[in-house]
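**Q** If you want the building blocks of each chain, they are given just below.
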Amino acid sequence: MECLLTRLDEKILSLKKRSKKALVAYLVAGDPDLDSTIELMHGFVDSGVDIIELGVPFTDPIAEGPVIQAAHDRALKNNTSLGKIFSLVKKFREKNHDTPVILMGYMNTFLANAKALKESYFLGTDAVLIVDIPGESNLEDFGINKENLASISLIAPTTSKDRIAKICDSSSGFIYYVTLRGVTGSSHLDINEAEKNIDYISSQTSLPIFAGFGIKTTDDAVNLSKISDGIVIGSSLVQMIHEQSESREYKKIYDYLIEMSEAIS
Amino acid sequence: MDNLTNLPNADGFFGDYGGKFVPETLMYALKELDETYSKLKNDPKFIEEIDQDLVHFVGRPSPLYFAKRLTDHYSGPQIWLKREDLNHTGAHKINNTVGQILLAKAMGKKRIIAETGAGQHGVATATVAARLGLECHIYMGAADVERQSLNVYRIKLLGAKVHAVDSGTATLKDALNEAMRDWVTNIEDTYYIIGSVTGPHPYPMIVRDFNAIVGRELKVQSMELFSQYPDAILACVGGGSNAMGIFYPFLEESNVQLIGVEAAGSGLMSGKHAAPLNDGEPGILHGAKSYLMQDKNGQVVDTHSISAGLDYPGVGPEHSNLKDSGRADYIAVDDNEVLESFHMVTKLEGIMPALETAHAFAALEQVAKNFSSSQHIVINVSGRGDKDINTVATMDGMSLD
Numbered sequence: 001m002e003c004l005l006t007r008l009d010e011k012i013l014s015l016k017k018r019s020k021k022a023l024v025a026y027l028v029a030g031d032p033d034l035d036s037t038i039e040l041m042h043g044f045v046d047s048g049v050d051i052i053e054l055g056v057p058f059t060d061p062i063a064e065g066p067v068i069q070a071a072h073d074r075a076l077k078n079n080t081s082l083g084k085i086f087s088l089v090k091k092f093r094e095k096n097h098d099t100p101v102i103l104m105g106y107m108n109t110f111l112a113n114a115k116a117l118k119e120s121y122f123l124g125t126d127a128v129l130i131v132d133i134p135g136e137s138n139l140e141d142f143g144i145n146k147e148n149l150a151s152i153s154l155i156a157p158t159t160s161k162d163r164i165a166k167i168c169d170s171s172s173g174f175i176y177y178v179t180l181r182g183v184t185g186s187s188h189l190d191i192n193e194a195e196k197n198i199d200y201i202s203s204q205t206s207l208p209i210f211a212g213f214g215i216k217t218t219d220d221a222v223n224l225s226k227i228s229d230g231i232v233i234g235s236s237l238v239q240m241i242h243e244q245s246e247s248r249e250y251k252k253i254y255d256y257l258i259e260m261s262e263a264i265s
Numbered sequence: 266m267d268n269l270t271n272l273p274n275a276d277g278f279f280g281d282y283g284g285k286f287v288p289e290t291l292m293y294a295l296k297e298l299d300e301t302y303s304k305l306k307n308d309p310k311f312i313e314e315i316d317q318d319l320v321h322f323v324g325r326p327s328p329l330y331f332a333k334r335l336t337d338h339y340s341g342p343q344i345w346l347k348r349e350d351l352n353h354t355g356a357h358k359i360n361n362t363v364g365q366i367l368l369a370k371a372m373g374k375k376r377i378i379a380e381t382g383a384g385q386h387g388v389a390t391a392t393v394a395a396r397l398g399l400e401c402h403i404y405m406g407a408a409d410v411e412r413q414s415l416n417v418y419r420i421k422l423l424g425a426k427v428h429a430v431d432s433g434t435a436t437l438k439d440a441l442n443e444a445m446r447d448w449v450t451n452i453e454d455t456y457y458i459i460g461s462v463t464g465p466h467p468y469p470m471i472v473r474d475f476n477a478i479v480g481r482e483l484k485v486q487s488m489e490l491f492s493q494y495p496d497a498i499l500a501c502v503g504g505g506s507n508a509m510g511i512f513y514p515f516l517e518e519s520n521v522q523l524i525g526v527e528a529a530g531s532g533l534m535s536g537k538h539a540a541p542l543n544d545g546e547p548g549i550l551h552g553a554k555s556y557l558m559q560d561k562n563g564q565v566v567d568t569h570s571i572s573a574g575l576d577y578p579g580v581g582p583e584h585s586n587l588k589d590s591g592r593a594d595y596i597a598v599d600d601n602e603v604l605e606s607f608h609m610v611t612k613l614e615g616i617m618p619a620l621e622t623a624h625a626f627a628a629l630e631q632v633a634k635n636f637s638s639s640q641h642i643v644i645n646v647s648g649r650g651d652k653d654i655n656t657v658a659t660m661d662g663m664s665l666d
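From first to last, the protein sequence lines are chains A and B. Mapping the first sequence onto this note's numbering, position 3 (from 1) lands on 3, and the numbers just tick up by one. Mapping the second sequence onto this note's numbering, position 167 (from 1) lands on 432, and the numbers just tick up by one.
A hint or two may mislead.
As the list claims (entries may be wrong) - To spell it out: a stretch of chain B is covered by chain A in this simulated footprint if at least three of its residues, at any positions, have a beta carbon under 8 Å from a beta carbon of chain A; those stretches are:
hint, stretch
1, 276 to 290
2, 301 to 314
3, 439 to 451
4, 538 to 551
5, 556 to 564
As the list claims (entries may be wrong) - Partial list, derived from the structure: chain B residues whose beta carbon lies under 10 Å from chain A:
hint, residue
6, 432
7, 433
8, 434
9, 578
Since the hints were made in silico from the structure, they are not lab data. Everything numeric in this text was worked out from a predicted model, so none of it was measured. Quick reminder that beta carbons are idealized off the backbone N, C-alpha and C, glycines included.
Generate the whole structure from the sequences, applying the supplied hints.
**A** Here it is, written out as structure tokens:
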């Protein structure tokens, strides 16, 4: 039925062909400001990042640890709205045509902008990842018509087997495996449990499985990349972006990403 | 009209409202809770255990008391008070916690967490946790820790740890955020006792069911005392647990008018209030779809109320459905009206209501004139006001230090 490959499909195919593990990087749109976000996105790509997850700030981000919560607050103080984020992605696309951009956020923000979200694919957005909706649900049932956007779902260590199959069925793009019980940036990484669960998920789907939450060191990254198709780095990047927000000097972050990228390849 | 008593449906929806909008890690815990509750709620042994606790530990039934001087003051309907303020720990909140702690016990959970605004739910949770010897953590907005210091100390005396939450607006909604984050992190051994008819399914149903004892007693007491069901029931609404508890058994009694009273704070026109059913739009917060105070970008806006327990931008999903269906009416009263009413009720009846409860009393100014002297209005006196004397003194320009 679908004949054209989306940007996300193409990226995933290309990673597969090269047997390369994906490096997915998260940052919060508008922290420290929208211009910096664009600069960082391009810098991320130049440092080996394959897919960008753009955090959509929300007043009550219940799945986030203190680092990302604070970034959401700063972005909201800058009046970062989903409308402005759509424009930011459009501007990013002036220079970048092949790095998928995923909007990661909370249901209420997407609901309030449901109409614009429908158009956002044509501005260069590739997928949505809504943190606070059951993965097996149909977004359309809740008033979100995502049109061509892929819908990424999370699977957690506590997700039951019967639901894993359902979640895989209603997802597209990739599956995001949450490596721990906790909020973003926690530190209870259990590689053995992750391996067992990722093995089971891959028996249920042909979608690639990326692992995230709690990756801090290159060791974490290497260990997780061995058992998955890619890794997601969030809190540690958000923390570094904040530390550099006075100087706007991001070389240290790019070096960190290059190191991560090389470590998992 | 559909049968409102049979809601929520299996997915946790009351009409358009409710659901389970939570991070994936919590889905399993919600299912576990739903299954445990479905199994136990009709188990005679479980019911007996709760009934015993409600009688001997909580002190139920609470009286239905005729407020003679208040009735004379309005020279309208006969005003009756359902005295939840006389419960152990001083509010309706204990009805829910005695039930939920037994669910926690049945599920083998060793660690209890809860959020609190005015501190009444924190006290009620710390109380039942102490009784069972369970570790207990209470999340409370830093601003509320300040204005409800008496309850903070009570919680500590009961052996629970109080975590002051500085994030966001440092009030009830932020305490809920933090409690949910704790739950996500400690999902295996922790039971989260939500304090209102809010949050993801099955909480709005469970908290309503445990509070519905209030409405069931009222059915019996009103027949005994004035040989009919009340013509109207008034209750304050923040998250809405005391209101839902007294409304629920009357949902199919269409002659009984149900009136919820929200906090208009500095006035509905000022925008500084906590009245989502009067001046909000449907949205999703803390796991459920319901009316919500939000801006056009879907960000939750700051609320204001003199009462910490009502200072919350959302409301239980069942109330949203009752509003849309027209079964209940929701009005709002502002801080000044509440303060005036607090003083009046205290002096006229010798009953000092909580500031939350004073909202229901203040609504009499709007409501009483619609009823005749042969009619009966019941006010749910959800809690007592000792905890609020510092706030009231400050508002009156006095210092108790």
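**Q** Within the assertion that chain A covers the stretch 538 to 551 of chain B, do at least three residues meet a Cβ-to-Cβ distance smaller than 8 Å?
**A** holds (count 4)
**Q** When the nearest CB of chain A is found for residue 434/B, is that gap smaller than 10 Å?
**A** Where the cut-off is 10 Å and the nearest Cβ of chain A is about 9 Å from residue 434/B, the hint holds.
**Q** Can the hint on residue 432/B be confirmed by a CB-to-CB distance to chain A that is less than 10 Å?
**A** Since chain A brings a Cβ to about 6 Å from residue 432/B, closer than 10 Å, the hint holds.
**Q** Please check whether the stretch 439 to 451 of chain B has three or more residues whose CB lies within less than 8 Å of a CB on chain A.
**A** holds (count 7)
**Q** Has the stretch 556 to 564 of chain B got at least three residues whose CB is nearer than 8 Å to a CB belonging to chain A?
**A** Our answer is that it holds, as 6 residues pass the Cβ test (under 8 Å) against chain A, meeting three.
**Q** Are 3 or more residues of the stretch 276 to 290 of chain B near chain A, judged by a Cβ distance of less than 8 Å?
**A** Coverage by chain A holds for the stretch 276 to 290 of chain B (6 residues, Cβ < 8 Å).
**Q** State whether the coverage of the stretch 301 to 314 of chain B by chain A holds or is violated, taking the criterion as 3 or more residues with Cβ-Cβ distances under 8 Å.
**A** violated (count 0)
**Q** Hint check: is the beta carbon of residue 433/B less than 10 Å from a beta carbon of chain A?
**A** This hint holds: residue 433/B lies near chain A, its Cβ roughly 6 Å from the closest one there, short of 10 Å.
**Q** With a cut-off of 10 Å on the beta carbons, see whether residue 578/B makes it to chain A.
**A** Interface hint status for residue 578/B: holds (9 Å vs cutoff 10 Å).
Of the numbered hints listed earlier, the single one contradicted by the structure is hint 2.
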